[in-house]
Amino acid sequence: MNQGQSSYPEVGTARVKRGLAEMLRGGVIMDVVNAEQAKIAEDAGATAVMALERVPSDIRRDGGVARMSDPMMIEAIQAAVTIPVMAKCRIGHFAEAQVLQSLDVDYIDESEVLTPADEAHHVDKWAFTVPFVCGATNLGEALRRISEGACMIRSKGEAGTGNIVEAVRHLRSILGDIRALTVATPEELFAWAKELRAPVDLVQEVASRGELPVPMFCAGGIATPADAALVMQLGAQAVFVGSGIFKSEQPEVMAKAIVEATTHYADASIVAKVSRGLGAAMPGAEIDKLDVTFADRGW
Amino acid sequence: MKAGVLALQGAFREHREMLAALGVAVTEIRTPDQLGDVDALVIPGGESTTMAHLLESSALREPLSAAIADGLPVLGTCAGLIVLAREVLDGRPDQEPLGAIDITARRNAYGRQRQSFEADLTIEGLTAPAFRGVFIRAPAIERVGDAVEVLAEHNGRPVLAREARVWVTTFHPELARDSRVHKRFLEEVA
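In order, the protein sequences belong to chains R and D. The opening position of the first sequence corresponds to residue 23 in the numbering used here, with each subsequent residue numbered one higher. The opening position of the second sequence corresponds to residue 791 in the numbering used here, with each subsequent residue numbered one higher.
Here chain R stands alone, though its shape is the one from the complex (with noise of 0.2 Å):
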């Protein structure tokens, strides 16, 4: 047998910290409030959970300002799992960031949902051992979070309304952006890097690889497993789902389904079958009657 020479374990390189957004390919993150929610989450078949005080659409009709959650919640959350267990910190509040981190979350997402802490800077995210998923309305917002140090992407769409047509505009957005790209002259992609206002280098490596350089999944929206298959055959490769779970009829069959038509997004016959009986989906929201739209923050 082998005698296993070791070397140093490194921890919180690029690709151990996107390794773990690959791992999450395919599946459903979901939003939890408590520890209860967060077993459900898991016995349906949930790769993480992301542990909030409310859900977007709470947040929404309750305003004020939204912060990170208590240590307390998601210490509870985190004993209650076995799966990964995310966090959101506001835009720019690295300190949030940091307490999350010594709280060992497995992820931050620094979250246009909750109130933005800082109006001109996003979170140096190379600072973090601790990986961060950051959200995008289109290519150059994307690409402006991966050099700050993203390690995945997640469309923003328009969280807690249920509709699902703002996750589609991003979506849309980013890959149609990333298609032109890839057709691009080198003189071109000088141009597009000005209009993106993105790393020159980066839009170059998108161009070259036809995609981005970490995982990109879909958030906003999500309220049917019908939803869920539109994005990923859209080009997302996962889905969080925030309000649509636990303000559906039936948190437990909609959970289920959603990560069932996660997996076989392609196969419309085994979507519908999942769709059958689920109840009232969580009640959904015209974007253009919204108070507040959570997109647009983020710089």
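Hints are supplied without guarantee of correctness; some may be wrong.
Output of the computed footprint for chain D on chain R, the stretches with three or more beta carbons under 8 Å from beta carbons of chain D [what the hints assert, rightly or not]:
hint, segment
1, 46-56
2, 123-130
3, 174-187
4, 285-299
Just so you know, the hints here were simulated from the structure itself, not pulled from any lab data. Think of the CB as a built atom: it goes at the ideal place given N, C-alpha and C, for glycine as much as any other residue.
Fit chain D to the supplied structure of chain R, relying on the hints for placement.
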């Protein structure tokens, strides 16, 4: 040779690309009928509890177990190792592993993501340079049966093992941009 990659959830794309780069025809497996015509199978990393659910709901558990018992070569990485193990510690009570290799695996044995790491590994049968092992919320192999051969260790813990045509790794060879583990698996089981 035609290889299948179980594509219920996780890093199946990286495996598919690595196998394709080795010149193997690759197909993604999500339903029982897709399992029929593959000569080898990879079960990727991902979330093992999710995969356990989806194996049931996709009616793949029984046919997969039967195919492995009939001699289908299989490589399980990380979550794939947990799916294939005889016994799983720190799992969910309903997470019944397939028992295809006589090992006891402990989930998340190194801790949470902050403890995820990469390190150089010496793998029996591979010449220098060292293989870069990427460990993401990795499991540990805590016991190996008499018929199990350990091909690599890290800090005294087995990280690559095989029993007959079932190979398992606690690390992610598909993330290392180094196809030598896949190549060796295919050569030995072909």
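Results for each hint:
Counting residues of the segment 46-56 of chain R whose CB lies closer than 8 Å to any CB of chain D gives 4, which reaches the minimum of 3, so the coverage claim holds. Coverage of a stretch by a chain is defined here by at least three residues with a beta carbon nearer than 8 Å to that chain's beta carbons; for the segment 123-130 of chain R and chain D the count is 5, and the condition holds. Interface restraint, the segment 174-187 of chain R with chain D: violated (0 residues with C-beta to C-beta distance below 8 Å; minimum three). As drawn, the segment 285-299 of chain R meets chain D at 3 residues by the rule of a beta-carbon pair under 8 Å; at three or more, the given contact holds.
Consistency with the previously given hints fails for number 3 only.
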